[in-house]
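Colleague: One letter stands for each residue in the lines below.
2 protein chains.
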Amino acid sequence: MTAPHPAPTGRPRGFDADAALERAMQVFWAQGYEGASLTDLTGAMGITRTSMYAAFGNKEELFRKALERYAEGPASYVGRALREPTAARVATAFLHGSVRATSTPGCPAGCLGVQGSLAAGVAGREARDTLATWREEGVRRLRERFQRAVDEGDLPSGADAGALARYLMAVSNGIAVQAAGGATRDDVQRVADMALLAWPQD
Amino acid sequence: MTAPHPAPTGRPRGFDADAALERAMQVFWAQGYEGASLTDLTGAMGITRTSMYAAFGNKEELFRKALERYAEGPASYVGRALREPTAARVATAFLHGSVRATSTPGCPAGCLGVQGSLAAGVAGREARDTLATWREEGVRRLRERFQRAVDEGDLPSGADAGALARYLMAVSNGIAVQAAGGATRDDVQRVADMALLAWPQD
DNA sequence: CACGTTCCGTACCGATCGGTACTGAACTAA
DNA sequence: TTAGTTCAGTACCGATCGGTACGGAACGTG
Chain L
1 MTAPHPAPTG RPRGFDADAA LERAMQVFWA QGYEGASLTD LTGAMGITRT
51 SMYAAFGNKE ELFRKALERY AEGPASYVGR ALREPTAARV ATAFLHGSVR
101 ATSTPGCPAG CLGVQGSLAA GVAGREARDT LATWREEGVR RLRERFQRAV
151 DEGDLPSGAD AGALARYLMA VSNGIAVQAA GGATRDDVQR VADMALLAWP
201 QD
Chain V
203 MTAPHPAPTG RPRGFDADAA LERAMQVFWA QGYEGASLTD LTGAMGITRT
253 SMYAAFGNKE ELFRKALERY AEGPASYVGR ALREPTAARV ATAFLHGSVR
303 ATSTPGCPAG CLGVQGSLAA GVAGREARDT LATWREEGVR RLRERFQRAV
353 DEGDLPSGAD AGALARYLMA VSNGIAVQAA GGATRDDVQR VADMALLAWP
403 QD
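So the sequences go chain by chain: L and V. Residues 1 to 202 (this note's numbering) are what the first sequence spells out, left to right. Residues 203 to 404 (this note's numbering) are what the second sequence spells out, left to right.
Keep in mind the hints are simulated off the structure, nothing from the lab. Being a predicted model, the structure only gives us computed values, none of them experimental. We put the beta carbon where it would ideally sit given N, CA and C, even for glycine. One thing to keep in mind: the hints can contain errors.
[What the hints assert, rightly or not] A short list of chain V residues far from chain L (calculated; beta carbon distances all over 12 Å):
| # | residue |
| --- | --- |
| 1 | R225 |
| 2 | T252 |
| 3 | R291 |
| 4 | A334 |
| 5 | R347 |
| 6 | S359 |
[As the list claims (entries may be wrong)] If you only want the chain L side, here are some residues facing chain V, beta carbon under 8 Å, derived:
| # | residue |
| --- | --- |
| 7 | L118 |
| 8 | V171 |
| 9 | R190 |
| 10 | M194 |
Kindly generate the complete structure, drawing on both the sequences and the hints.
Modeller: The structure is reproduced here in C-alpha cells:
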C-alpha cells in the first residue's frame, strides 16, 4: 500500500472539492433539495456544472455527500452525545447539541436532516427517503444506547428504550422546525430544557 | 341584503370548488408547495389550468386557501384544544389532536403546516413564510390561553406561558416530522404522552 | 331568437429545470 | 516533443415549470 491514490495523471482539479461540498451543503440546508437548483449550487460552489458532475456524479449524489458532511460536521453532536456516560447525560447532550446546531449564526436555521426534504414531488422523493432513513438511523443509535443503559441499571428496568429514543428525536425535530421558522436560540433552549423534565427519574 | 351573490349570470361553474380545494390541499400536504406542480394539482382537482386560475388566482393563492381549509379541517383540533377548561387539558388535547391529524389513514402523514414548505428556493419563499407565520400564530394562541391560566391560578404563578406554548408547538412539529418519516400512530402517541410528563404540576 | 357574460379546453408562451456533447487547456509519462 | 488523460467552459439538449391568449360552449336576459 504505497499509493492510495494510484496515478494522478491528467489535468489536476482546479478547485477544492471539500470546500465546494461545504458550500453545497449550506445551499441544500437553506433551500432544501428541490429548492436548490444546479445554478444555485454551482454558483455557491464556485465551479461549473461539468465540474460538479465530474466530481460528485449528479444532484442526488451531491445531496447524499452533503448529508454525510453534515453528519460529520454540524450534526457531529449526535455521536458525542451517545458517548456520554449516563442516559440522562446522553439526552441532555443530544438536545443541547440540537439547539446549538439549529440556531448557529452564520449557518442556516434548522436542520438539514429535516428541512432538506420532508414532503416532495417525484423528483425529490429519493432525497426525502434518504433523510427519513438518516433520522431513523439516529433513533436506532439512541435506542441501542438506552437499551444498554436499561441493561446496566442506569435506566429503570421498566423504561422503554425505543420510546425514549423516539421522544428525543421528535423533540429535536421540533426544535429544528421552530428554529427554521425564526425562533431564537433562547426559545429553543427553553424547549429542550422543558423536554428534559420528562426524563425518567430513578 | 337580499342577494349576497349579486348576479349569477354567464356559464355556471362546472365543478365543485370546495371539493377541488380539498384535493389541492391533499396534494400540497403530500408533496409540499414546490413539489406540487400545476399538472399534479389540476389533475387531482379534476379541472384545467384555466379553471384553477379563474377560481383561485394562482398557485400561491391556492396554497393559502388550502392552508385555510387545512386549519378548519384536519387542524381544527387546535381551536377545540384551546377551549378545554384547564391548561393541562389544553396541552393534552393539543398534542393528542396533533397525533391524530398527522397519522390518519387515507391522509398524508405529517402536517401541512410543517412539510408544506420548510426550506425553499426563491419560488417557494412566500409559501414558507406563510407557514412560519401560521405556526407562530398557533404559538400566540397557546400563549394567550396559558397566560390566562396563570392569571386565573390554574397554572402556577411562576409558569412561563410563552415557554409552555412554544414547547407544545415544538413537540407537535416534531411529531409531524416523525409521522412524515414513517413513524406509526403508536410511536407518536408515546411521544405525546411522554412530552406531557413535563407539564407543570401544582 | 340574439346578446352579453362567464366558463371550459386547447394550444402555446418564455423561463428554467437537470443533464450532457464537444472543444481546448493543463497536466504526467514516455 | 509527443501521446495519453483528465479537467474546465461554452453552448446546448429535451422536458417541465408557472402562467396565459384565444375561441367555442353554456348559461341568464332581452
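Colleague: So, against the hints stated earlier in the document, which numbers end up violated here?
Modeller: 4
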